[in-house]
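S.K.: Spelled out, the chains give:
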Amino acid sequence: MVGKLNYLHNRGVLDWVIQRTSAALLAIYTIGMIGFLIANPNLEFETWRNLFSSPLMRVFSLVTLLFLCGHMWVGMWTVITDYLTPLQLGSYAKPIQSLCQIGIISLIIFYAIWGTFVFWSI
Amino acid sequence: MLVSIYRYNPETDDKPYTQSLEIKLPEGKDLMVLDVLALAKQEDPSVAYRRSCREGVCGSDGMNINGTNGLACITPVSNVVGPDNKLTLRPLPGLPVIRDLVVDLTTFYKQFEKVKPYLVNDQPAPDKERLQSPEERKKLDGLYECILCACCSTSCPSFWWNPEKFIGPAGLLQAYRFLADSRDTSTEQRLEALGDPFSVFRCRGIMNCVSVCPKGLNPTRAIGHIKSMLVS
Ligand code: SF4
Ligand code: SF4
Ligand code: FES
Numbered sequence: 014m015v016g017k018l019n020y021l022h023n024r025g026v027l028d029w030v031i032q033r034t035s036a037a038l039l040a041i042y043t044i045g046m047i048g049f050l051i052a053n054p055n056l057e058f059e060t061w062r063n064l065f066s067s068p069l070m071r072v073f074s075l076v077t078l079l080f081l082c083g084h085m086w087v088g089m090w091t092v093i094t095d096y097l098t099p100l101q102l103g104s105y106a107k108p109i110q111s112l113c114q115i116g117i118i119s120l121i122i123f124y125a126i127w128g129t130f131v132f133w134s135i
Numbered sequence: 035m036l037v038s039i040y041r042y043n044p045e046t047d048d049k050p051y052t053q054s055l056e057i058k059l060p061e062g063k064d065l066m067v068l069d070v071l072a073l074a075k076q077e078d079p080s081v082a083y084r085r086s087c088r089e090g091v092c093g094s095d096g097m098n099i100n101g102t103n104g105l106a107c108i109t110p111v112s113n114v115v116g117p118d119n120k121l122t123l124r125p126l127p128g129l130p131v132i133r134d135l136v137v138d139l140t141t142f143y144k145q146f147e148k149v150k151p152y153l154v155n156d157q158p159a160p161d162k163e164r165l166q167s168p169e170e171r172k173k174l175d176g177l178y179e180c181i182l183c184a185c186c187s188t189s190c191p192s193f194w195w196n197p198e199k200f201i202g203p204a205g206l207l208q209a210y211r212f213l214a215d216s217r218d219t220s221t222e223q224r225l226e227a228l229g230d231p232f233s234v235f236r237c238r239g240i241m242n243c244v245s246v247c248p249k250g251l252n253p254t255r256a257i258g259h260i261k262s263m264l265v266s
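Order-wise, the sequence lines are chains A and B.
For the first sequence, our numbering assigns the number 14 to the initial residue and increments by one for each residue that follows.
For the second sequence, our numbering assigns the number 35 to the initial residue and increments by one for each residue that follows.
Bear in mind the hints are in silico, worked out from the structure with no lab data behind them.
This structure is a prediction, so every number in the text was calculated from the model and none was measured.
Ideal Cβ placement from N, Cα and C applies to all residues, glycine included.
There's no promise every hint is true.
What the hints assert, rightly or not - Reference listing, derived: stretches of chain A covered by chain B, where coverage requires no fewer than 3 residues with Cβ under 8 Å from a Cβ of chain B:
#1 96-108
#2 118-131
As the list claims (entries may be wrong) - Facing chain B, from chain A, some residues (calculated, C-beta under 10 Å):
#3 His22
#4 Asn23
#5 Val87
#6 Met89
#7 Thr91
Unchecked claim - Below 30 Å or equal to it, Euclidean Cα-Cα: the simulated BS3-like pairs (lysine-lysine) are:
#8 Lys49(B) <-> Lys107(A)
#9 Lys107(A) <-> Lys249(B)
#10 Lys75(B) <-> Lys249(B)
#11 Lys107(A) <-> Lys144(B)
#12 Lys58(B) <-> Lys144(B)
#13 Lys75(B) <-> Lys148(B)
#14 Lys107(A) <-> Lys120(B)
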């Protein structure tokens, strides 16, 4: 298990920890959701609403959403810096990377706000 | 046997081409790939490749043999040639070609140098030597044997994409070799230098490095150890 996290101030270590913890949390959330759906075969809107309107579930959902955003960012940043490098794109690499990063950040922020709005309005 | 060899001389050729040679192998003998290359060189003396020890010790004849990196001198032809009886030799992938099968290993060595591949100890030297217990010494097994043939790093996609930033399996195996050494006192500085998103963390654990290492070493495991040291 993660101990003192000595080197957490290093971007690489931080990204790695974010990726692993968020993956674990997302897995728990997904399994929980599947479990709920199996336990409620004839799901009514009311049951569904009750589940998401409990404060605990709200917080859990929002935290998961936050971790999902972190997971997306680390993953996409890695993909960009793997495949859009000077090796493939020459001097265009830097501007193209920046452009993609801005796009992805905007999209993630949009998802975060939209997601929060959805969970909060149930 | 049909031997295809990647040929390229940047000074005279516009682009690389493949030269095919029909080589007659002696009956009833399983040659090593390096022996076949020597026969090919008799046919055409202009073929360029590196070799020295011809017994898997010096690490100079790493090349891509029928699609897989390996040392030509210890790779038996029967291991790599299928029923079509064809042998294709290319330089190690991902590095600039100096000529034919000879690649420029500068980036590879630069990454090796980055990990400070030598013992650092700030304690005063003892009269005789720095002792290790047999257990401490055992931790270096599977690490110190690397001959820097570059077969692993040049089979690693992460190294192809970011050769300047990702240290690569060979360098990281050595990084761990000194992290694991009980006589080394700079563990903290070593780890501090590896915590960025590229040096270690570009390893995606797909183990190409492990499957090609001619010395049977396991860089992926060493990289895993480094990652755990960084988070614990
Ligand atoms: S780890 Fe194996 S493949 Fe990599 S350089 Fe060392 S000996 Fe060669
Ligand atoms: S395990 Fe890591 S170092 Fe080895 S080939 Fe895969 S990405 Fe490269
Ligand atoms: S010639 Fe030395 S390792 Fe093959």
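S.K.: Confirm or reject each hint.
M.R.: Status of each hint after checking the structure:
1. For the region 96-108 of chain A, the assignment as covered by chain B holds, since 3 residues bring a beta-carbon within under 8 Å of that chain's beta-carbons and 3 suffice.
2. For the region 118-131 of chain A, the proposed coverage by chain B is not satisfied: 0 residues have a C-beta within less than 8 Å of a C-beta in that chain, short of the threshold of three.
3. Using the Cβ-Cβ criterion of 10 Å, the hint placing His22(A) at the interface with chain B is satisfied: the shortest such distance is roughly 8 Å.
4. Proximity of Asn23(A) to chain B holds as hinted, the smallest CB-CB distance being about 3 Å (cut-off 10 Å).
5. Below 10 Å, beta-carbon pairs count as interface contacts, and Val87(A) has one with chain B at about 9 Å; its hint therefore holds.
6. Hint status for Met89(A) relative to chain B: violated, with the closest Cβ pair at about 13 Å, above 10 Å.
7. Restraint check, Thr91(A) versus chain B: the minimum CB separation of about 8 Å is within 10 Å; hint holds.
8. Taking the CA atoms of Lys49(B) and Lys107(A), the gap is near 28 Å; set against the 30 Å cutoff, the hint holds.
9. Annotation: proposed proximity of Lys107(A) to Lys249(B) is violated, straight-line Cα distance about 39 Å (limit 30 Å).
10. In summary, the hint linking Lys75(B) to Lys249(B) is supported, as the alpha carbons are separated by about 27 Å, within the 30 Å threshold.
11. Under the criterion of a C-alpha separation no larger than 30 Å, the hint pairing Lys107(A) with Lys144(B) is consistent with the structure, at around 23 Å.
12. For the given pair, Lys58(B) sits about 41 Å from Lys144(B) by alpha-carbon distance, which is inconsistent with the 30 Å threshold.
13. Among the hinted pairs, Lys75(B) with Lys148(B) is inconsistent with the structure: their alpha-carbon atoms are about 37 Å apart, more than 30 Å.
14. Distance restraint check for Lys107(A) and Lys120(B): the Cα-Cα separation of roughly 43 Å exceeds the 30 Å cut-off, and the hinted pair is therefore not satisfied.
When each numbered hint is compared with the structure, violations occur for hints 2, 6, 9, 12, 13 and 14.
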